[in-house]
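Engineer: These are the residues of each chain, in order.
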Amino acid sequence: MKTLILKEIDDLIYGSLGIIVFISFFVGGVVAIQTALNIDNPLIPKYLVGFATRQSVILEFAPTFTSIIMAGKVGSYITSSIGTMRVTEQIDALEVMGINALNYLVFPKIIALMLYPFIIAIAMYLGIFGGWVAAVFGNYSTSAEFVQGIQVDFKDFHVIYAFTKTIIFAFILATIPAFYGFYMKGGALEVGKASTTSFVWTSVVIIIVNYIITQMMLG
Amino acid sequence: MIVVEDLHKSFGNVEILKGISTVFDKGKTNLIIGQSGSGKTVFLKSLLGLHTPDQGKIIYDGKVYSELNDDEKRNLRQEMGMVFQGSALFDSMNVEENVMFPLKMFTDKEYDEMKERVDFVLKRVNLKNAHTKYPAELSGGMQKRVAIARAIVNNPKYLFCDEPNSGLDPKTAILIDNLIQEITKEYNITTVINTHDMNSVMEIGEKIIFLKDGHKEWEGTNNEIFKTNNEAVTNFVYSSDLFKKVRQMYIEERD
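Going down the list, the sequences are from chains A and B. In terms of this note's numbering, the first sequence has 197 at position 197, counting the first letter as 1, and numbering is strictly consecutive. For this note's numbering, count along the second sequence from 1 and bump the result up by 219.
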């Protein structure tokens with residue numbers, strides 16, 4: 001089981017770092033630029049660019065937007081890999097051997113995705129860093145103003161809120177795609193359909209759960 | 220020995236198995252034959268415990284499957300080996316890892332001991348120098364050999380094979396059939412093979428059960444099947460021109 005968990009960490013977490021780094025950096029940059037471009041009033045302080053970037057990235061872009069991307073990447077991978085095992089009778093082979101196939105295939109994925117908050121922490125850091133790069137090198141604000149914005153009115157609870165929903169999203173990312181893969185019927189075409197359906201439902205559930213948690217914790 | 224008593228299985232309103240009773244003998248290759256849709260696969264999967272029968276009993280050497288608790292069922296399943304139609308080898312594992320898998324899961328053996336056993340069974344199925352290859356790199360015949368090796372590596376008491384030679388050329392198919400029969404005798408296993416291949420029937424059919432529309436139409440040996448007057452069996456057996464000619468020759472010889 002230890003080997004399986006390590007393999008899943010490699011596939012699901014380590015294998016996702018590249019896309020997360022890329023997306024977070026540029027999304028953070030775009031948030032900073034958009035904020036800066038929309039500040040017309042000279043009375044609004046320039047540090048607002050840093051403040052808005054921090055809030056947007058920590059509260060929504062890193063945990064929620066990244067999870068939607070991961071529903072496509074990790075979710076499709078989980079559904080198609082388990083679905084392929086189903087159509088090629090590999091799951092039947094496990095069950096005939098007396099192995100609890102659901103536990104054997106899904107449990108390591110759930111455990112591996114408990115490291116998902118580390119990805120989100122990286123996404124938060126890189127998102128804000130991307131905002132700083134865009135703001136400073138695009139001459140939208142100075143480095144000092146941006147850093148001041150990052151620090152102003154910082155609430156620890158916002159980070160707790162972000163990581164609470166990240167853990168719940170991780171569980172959703174592991175279980176819904178696994179469900180669609182494990183209980184699928186048919187052949188190769190149905191594996192593709194199951195991957196699409198699992199992406200849609202994982203995204204829908206993440207968005208609804210995001211709303212509920214936000215209402216409960218911040219509302 | 221596996222005893223089946225009055226086995227029924229339905230999916231929705233469609234009754235697939237309609238009261239099958241039979242005995243699969245130990246140390247023999249028992250064949251289940253019949254046309255597509257006759258219920259062979261459902262019957263085999265019911266024997267494996269992958270389908271729960273609606274009615275009837277399956278008794279493995281005195282143990283009634285439906286009366287066992289989950290742990291006992293799991294233990295019993297560890298005594299079963301299965302060769303799937305498509306081999307069902309784990310794509311992410313190489314040949315050695317595939318064959319070693321049941322040993323890793325169910326024994327406390329050290330790696331060297333498991334490796335020795337894996338080498339032995341791979342040699343037994345005439346597969347050499349393939350330890351590090353992945354299933355996708357193997358031919359259909361080699362995949363079947365690996366599947367057989369994986370099925371017998373943990374010394375099963377029962378071996379089940381679903382269409383073991385489908386998709387193979389006739390020569391390889393006969394080699395696989397003979398290999399299964401040799402292993403059955405060597406380890407005194409109760410082997411049940413699901414097939415519609417008449418070559419298999421002729422080569423290794425020590426006991427044959429013919430299914431038609433979900434019930435047992437006929438049972439006998441490979442010698443008896445060519446002499447039976449059962450119309451459904453003769454229609455199935457002599458559906459090809461080759462076997463029609465064989466039957467004609469047999470009748471002419473007899474008369």
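The set of hints was computed from the structure by calculation and includes no laboratory data. Think of the CB as a built atom: it goes at the ideal place given N, C-alpha and C, for glycine as much as any other residue. Treat the hints with care, as some may be off.
Ranges between beta-carbon positions, derived for each pair [what the hints assert, rightly or not]: (1) A/G18 / B/V222: 40 to 48 Å; (2) A/L102 / B/V222: 44 to 52 Å; (3) B/E335 / A/L102: 47 to 55 Å; (4) A/K185 / B/N345: 15 to 23 Å.
Lysine-lysine pairs mimicking DSS-like chemistry, simulated, CA-CA at most 25 Å apart [said to hold, decoys possible]: (5) B/K426 / B/K352; (6) A/K2 / B/K237; (7) B/K264 / B/K245; (8) B/K245 / A/K2; (9) B/K334 / B/K245; (10) B/K376 / A/K7; (11) B/K376 / B/K342; (12) B/K282 / A/K7; (13) A/K2 / B/K342; (14) A/K2 / B/K376; (15) A/K46 / A/K185; (16) B/K264 / A/K185; (17) B/K446 / B/K376; (18) A/K7 / B/K292; (19) B/K347 / B/K292; (20) A/K7 / B/K342.
Engineer: Would you check the hint for B/K376 and B/K342, treating anything up to 25 Å between C-alpha atoms as holding?
Structural biologist: holds (20 Å)
Engineer: Starting from the hint 40 to 48 Å, judge whether the C-beta atoms of A/G18 and B/V222 obey it.
Structural biologist: 58 Å Cβ-Cβ, so the 40 to 48 Å window is violated.
Engineer: Given the hinted pair B/K264 and A/K185, is their alpha-carbon gap at most 25 Å?
Structural biologist: holds (16 Å)
Engineer: Going straight from one Cα to the other, do B/K347 and B/K292 come out at no more than 25 Å?
Structural biologist: Violated: B/K347 and B/K292 sit about 34 Å apart, past 25 Å.
Engineer: Taking the CB of B/E335 and the CB of A/L102, does the distance hold inside 47 to 55 Å?
Structural biologist: For A/L102 against B/E335, whose Cβ atoms are near 33 Å apart, the range 47 to 55 Å is violated.
Engineer: Decide if the proposed pair is consistent with the structure: A/K2 and B/K342, CA atoms, cutoff 25 Å inclusive.
Structural biologist: violated (30 Å)
Engineer: Quickly compare the C-alpha distance for A/K2 and B/K237 to 25 Å and report which way the hint goes.
Structural biologist: Violated, because 45 Å separates the two Cα atoms, which is more than 25 Å.
Engineer: Check the hint pairing B/K334 with B/K245 against an upper bound of 25 Å on the C-alpha distance.
Structural biologist: Since the Cα atoms of B/K334 and B/K245 sit roughly 29 Å apart, the hinted pair is violated (cutoff 25 Å).
Engineer: Are the Cα positions of A/K7 and B/K342 separated by 25 Å at most?
Structural biologist: violated (30 Å)
Engineer: Quick one, are B/K426 and B/K352 close enough, alpha carbons at most 25 Å?
Structural biologist: Violated, at roughly 36 Å.
Engineer: Check the hint pairing B/K446 with B/K376 against an upper bound of 25 Å on the C-alpha distance.
Structural biologist: violated (32 Å)
Engineer: Measure nothing beyond the straight line between the CA atoms of B/K282 and A/K7; if it is 25 Å or shorter, mark the hint as holding.
Structural biologist: Between B/K282 and A/K7 the Cα gap is close to 39 Å, so the pair fails against 25 Å, i.e. violated.
Hints 1, 2, 3, 4, 5, 6, 8, 9, 10, 12, 13, 14, 15, 17, 18, 19 and 20 from the list above are not met by this structure, while the remaining hints are.
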